[in-house]
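Student: Protein chains in written order, with the working numbering: chain A, 1 to 336; chain B, 1 to 336; chain C, 1 to 336; chain D, 1 to 336.
These are computed hints drawn from the structure, not numbers from a lab. Wrong hints could be hidden among the right ones.
Because identical chains share one entry, a pair is satisfied inside a single copy or across any pair of copies.
Each computed DSSO-like pair below joins lysine-lysine, with the alpha-carbon atoms no more than 27 Å apart [stated by the list, open to error]:
#1 K7 - K19
#2 K103 - K249
#3 K178 - K19
#4 K7 - K178
#5 K163 - K19
#6 K249 - K178
#7 K7 - K103
#8 K249 - K7
#9 K103 - K19
#10 K163 - K249
#11 K163 - K7
#12 K103 - K163
#13 K19 - K170
4 protein chains.
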Amino acid sequence: MNTLGEKFSFTSFGESHGKAIGGVLDGVPAGVRIDMDRIREALDKRAGRVAPSLEDGCAYSLELKGKGISPRALREGDEVEWLSGVMDGVTLGTPIAFIIRNKDARPEDYEWLKYSYRIGHADRTYQEKYGIRDHRGGGRASARETASRVVAGTVAQQLLAEKGIEIRAKLMQVGEEKNPERFDEYIAAIQRDGDSIGGIVECVITGLPVGVGEPIFDKLQSHLAFAMMSINGCKGFEYGSGFEGVGLKGSEMYLSENHTLISGGIAGGISDGTPVVFRCVFKPTASNRKTLETMFQGSKVSEFQSFKAGRHDACIAVRAVAVVEAMAALVVRNLM
Amino acid sequence: MNTLGEKFSFTSFGESHGKAIGGVLDGVPAGVRIDMDRIREALDKRAGRVAPSLEDGCAYSLELKGKGISPRALREGDEVEWLSGVMDGVTLGTPIAFIIRNKDARPEDYEWLKYSYRIGHADRTYQEKYGIRDHRGGGRASARETASRVVAGTVAQQLLAEKGIEIRAKLMQVGEEKNPERFDEYIAAIQRDGDSIGGIVECVITGLPVGVGEPIFDKLQSHLAFAMMSINGCKGFEYGSGFEGVGLKGSEMYLSENHTLISGGIAGGISDGTPVVFRCVFKPTASNRKTLETMFQGSKVSEFQSFKAGRHDACIAVRAVAVVEAMAALVVRNLM
Amino acid sequence: MNTLGEKFSFTSFGESHGKAIGGVLDGVPAGVRIDMDRIREALDKRAGRVAPSLEDGCAYSLELKGKGISPRALREGDEVEWLSGVMDGVTLGTPIAFIIRNKDARPEDYEWLKYSYRIGHADRTYQEKYGIRDHRGGGRASARETASRVVAGTVAQQLLAEKGIEIRAKLMQVGEEKNPERFDEYIAAIQRDGDSIGGIVECVITGLPVGVGEPIFDKLQSHLAFAMMSINGCKGFEYGSGFEGVGLKGSEMYLSENHTLISGGIAGGISDGTPVVFRCVFKPTASNRKTLETMFQGSKVSEFQSFKAGRHDACIAVRAVAVVEAMAALVVRNLM
Amino acid sequence: MNTLGEKFSFTSFGESHGKAIGGVLDGVPAGVRIDMDRIREALDKRAGRVAPSLEDGCAYSLELKGKGISPRALREGDEVEWLSGVMDGVTLGTPIAFIIRNKDARPEDYEWLKYSYRIGHADRTYQEKYGIRDHRGGGRASARETASRVVAGTVAQQLLAEKGIEIRAKLMQVGEEKNPERFDEYIAAIQRDGDSIGGIVECVITGLPVGVGEPIFDKLQSHLAFAMMSINGCKGFEYGSGFEGVGLKGSEMYLSENHTLISGGIAGGISDGTPVVFRCVFKPTASNRKTLETMFQGSKVSEFQSFKAGRHDACIAVRAVAVVEAMAALVVRNLM
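Hey, can you work out the whole structure from these sequences and the hints?
Tutor: Right under this line is the structure:
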């Protein structure tokens, strides 16, 4: 249930405000020196400590820090402790277990959540499914869990890079804004207003050989969609012509000069050797100052003053960029 | 690779123009009388032999037959032979194997495909992945395989219906046309023109209790997306507010009176007790009279007169409605 | 539940007296010409239509036919019909589905079983687990199901043979008799007496490279044991020094000149490049003339005249030889 | 590869002399208070810190401590740190991650192993499979890994006990000695002699309802055999009449008054409601003073003075008792 992949499998564990989050990565070949810098960078990107760089086609500046991203994310170092599978920095071929201890655990901040369900969160469904939940910051449902995915996915990216396969995601749209040069100011305004906004992340996989993915069920797009839809806040997945392609006629689509844009690099569930292109849409986070309604566990509705100012992400799609890359890498490595 | 689901699993086999297509359905409880009429209806809907009914909100008339749907589909009866797992019409709790023999197999129609790759089809990726392929009508990649899915999925639907869970899909958009009353004429025009067009199918699952789906990877939306993206021609999946929701602000989204439309009936990967709503987009089929280009296996490009008139679907989304329902049923039953 | 293996997977279906038994074999590479003769031979060996040959080290003669083996097995041809995955005798890389129709289905012979549980059979556990069962000849629990395994396993053996890996099993012990030259007469005497007897089958895998099997859970011996214990009537599995080695001291074991006999060709769960040797013990079949007691479904004990003379196997271990080889091949191919 | 079970799954990680060993247990229901004392007891039993009690039918006294069991095992406390899935001692329904830090890690003791393969160990197969290995004390192949299995298995045992299912294993035979009252002195003599000896562990599962296990491949005995064969040093598995039953005739077996002893509590792969009885044989450990030969990595044979006196187990079957119980519990819980 908490494991993704069969041959290259990642098991995730940990609650947002428990002792630690972490994971077990199984199927990494022996003899690989792990690039710890690359992992740190990816974690910083996920945490909003660095902005996606300009060369990624994402223009918003480092000023963004402290504007659209929660202080907790900025403060935490996300130090990875490697427990097994690595000796002197080199993989052993055995399962790699790692943990990131939760430093900023302030459970008292979440005391009120014991008796309340936040709208747009998984509080109620968890409580009804399990009859118990770790109410502190969403517990297992918190997006903090994605830090473990980023560690594992970055190891996968490193393995793929050795074969010439690169995975690059970028923020493509924020709200209705499609011009990257205006993302920074757009998000800052939303942030000032105590509100939140959705976004679209596009991901391109280059260097993938022909033949990745299986016909029928285990299609490449099926596995990518599965992984992306599992990211917190993701409401949709499309590849190639996607939803906008509904209006295309066959005569236009297949005679098009820009066939790859339309096919998305996949035919019959199998990579066709051209770049694979897909997009995910992320909803605005529910943890914003304007979301005031909630329900007590006894089903009665109440109002409350949700969070200290700024303690929320104005646009979770910004930080999702690193997670999309990580998940894509886990999927592709598992299918190869 | 050709199996979907763990506890309730469906294994699919068969080439489009081989002896038979079929499947093995494992995990069906013992003692259930299989509703053969329901299966026949679903197969007819998939084959385009009957139009989705008006009560489904799909307005296009039976006139559609012979217009937007290929003659082969209309001619074939899709007779299901039950090989195991059923005694006197009642399930035994053992694996249910069934086959549908291929009647309209005219391999000679496809002789030219031995040496050609059709654009927009999986011909080339199959050939490069396997070094061999059944070229007859796409072989394993043909949408004919979805008939097996419909048989299995309809058994799943029957099991779900016993628990009050109903799955209904409908055609929501054809090209740019969103008014169901104009679908018929729209598709007929495309058909007359020898062209093809995309469409969007919406599916609603009602009666689902709280708690279906697992946090983290095995989210309900992840499994639904996986299954839908595996349907031939599907280019995107979304639930709740989906891609259009990118422009919504958090303050609008969570204060909305129509919360279910936005949440899509899922929170944190787990069904929340309200109807689950998702949509899939289907591209226009590549098998239309206007798609004239192809490539010889030696990579040279050539022109050919593709199909006899009418032997193609003007809008595969029409027939996908039955497949979407079937796949959703397989997913939901497996997760329960 | 009815599937074995992940990368090379075999799904089995069918009841003993239903329409057909069969299977789906997934993961066979494309472009392999299937050796139909080899499959026929293996099926004949399993059915007791031919005795294991002298070169196998099994001395009992063809006279055995009609003595220790049930008439039904002798009469049936076990004709395999290939439904998919094969074109012109060559594999396509797609799932291979095959069936063997049940010819000698005489359900009326089993009418009395509707109301009785046979001792030593799965009649009662099936009835209590499922609340229904196909009572005809054991239904799904019948050893007839192993014919499907033999078809699939022989395809696997063929694939392994291409890499120089050979799997040979032989009857090693019948009752207390360990001299193959006396097996024939021993079994004939048991048969005349209307009784049944146990046996031990030994299997040797040669040509296996170093490295097959995974540390910890997915050890080579774990997978072999899993597969062998799933064969009808198998009560035990051992490799290398096995149970008799309990009395060995470490000083004797590891200084032994015959280290392979003791290690069984596996170290730490991984093949070590020497022949892999394992053994399985099979109990006497419960379907013998001397087993007269049974229980009515209401739990009352009664006597009945069980079977027509000869309609039982005196020593199921004889026919198990082909099944052991098949299962070993499925396991090894899946792990490679 | 390092995961056992699907619905109730256990993932193991950690090298013998790395930072920590540990595991992730997924599928534990929410709201269960974990019995930490029970886990400590089981770990002590596995480590040889307490002898199996007299009521277990195992007569060897506490004097055994320091005789047949390695000092490292006695010294280590095996302190379990719970990282996730548990809040205030109660399970959350989320994955439970735990670690046991390696305290007695003295890698310098194993420096010589960098260049040598020990006979009877997995040193060579690991090296050839992975091209690298953690040579320190066997690394991943060390029996220390079974401590993680005992933690996970004891949680499973607790869950089973709530349903009235008890799993009890005991030492049944040491070398040729079958009288428990003489085990103590027998093992002590072997230990004094610097040698090692094999043993047989018997396990009985009581309270199991009818219906656990699946027909065909996923038989109860298949899963038990798989799990037992994965325990270090296990060379064979049998249930019910086992290997000794080879000489039984059908007429004796099924008329026997002690039917359960013969059936082992399983019919057709499914538990029949009577106690399930199985046995495993363990070889003598290769790490004894008399095992002097090894091979340098360059394949040349050499002699070396293996271990400091006493730093080995005279009979690993003693400590395997706790592991057999743990593995049986993991298997049964997963199948229910």
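Student: Does each hint hold? Answer for all of them.
Tutor: These are the hints, each one checked on the structure:
With identical chains, the CA atoms of K7 and K19 are at most 27 Å apart between copies only, with a shortest distance of 25 Å across copies and 29 Å within one. Taking CA atoms no more than 27 Å apart as the test, K103 paired with K249 passes in neither setting, with 55 Å inside one copy and 31 Å between copies. In the homo-oligomer, the alpha carbons of K178 and K19 never lie at most 27 Å apart, since the shortest distance is 40 Å inside one protomer and 48 Å across protomers. Taking identical chains as interchangeable, the C-alpha atoms of K7 and K178 are never at most 27 Å apart, the minima being 38 Å within one chain and 43 Å between chains.
For a Cα distance limit of 27 Å, the shortest separation of K163 from K19 qualifies neither inside one copy, at 37 Å, nor across copies, at 31 Å. Taking the shortest Cα distances, K249 and K178 sit within 27 Å of each other both inside one copy (25 Å) and across copies (16 Å). Taking identical chains as interchangeable, the C-alpha atoms of K7 and K103 are never at most 27 Å apart, the minima being 33 Å within one chain and 32 Å between chains. Taking the closest pair of Cα atoms, K249 and K7 never come within 27 Å of each other, the shortest separation being 40 Å inside a single copy and 39 Å across copies.
When the C-alpha separation of K103 and K19 is checked against a cutoff of 27 Å, the pair qualifies both within a copy, at 8 Å, and between copies, at 21 Å. For the identical chains of this complex, K163 and K249 are neighbours neither inside a copy (37 Å) nor across copies (41 Å), given an alpha-carbon limit of 27 Å. For the homomeric pair K163 and K7, the shortest alpha-carbon distances inside one copy (18 Å) and between copies (23 Å) are both at most 27 Å. Taking CA atoms no more than 27 Å apart as the test, K103 paired with K163 passes in neither setting, with 37 Å inside one copy and 39 Å between copies.
In the homo-oligomer, the alpha carbons of K19 and K170 never lie at most 27 Å apart, since the shortest distance is 32 Å inside one protomer and 37 Å across protomers.
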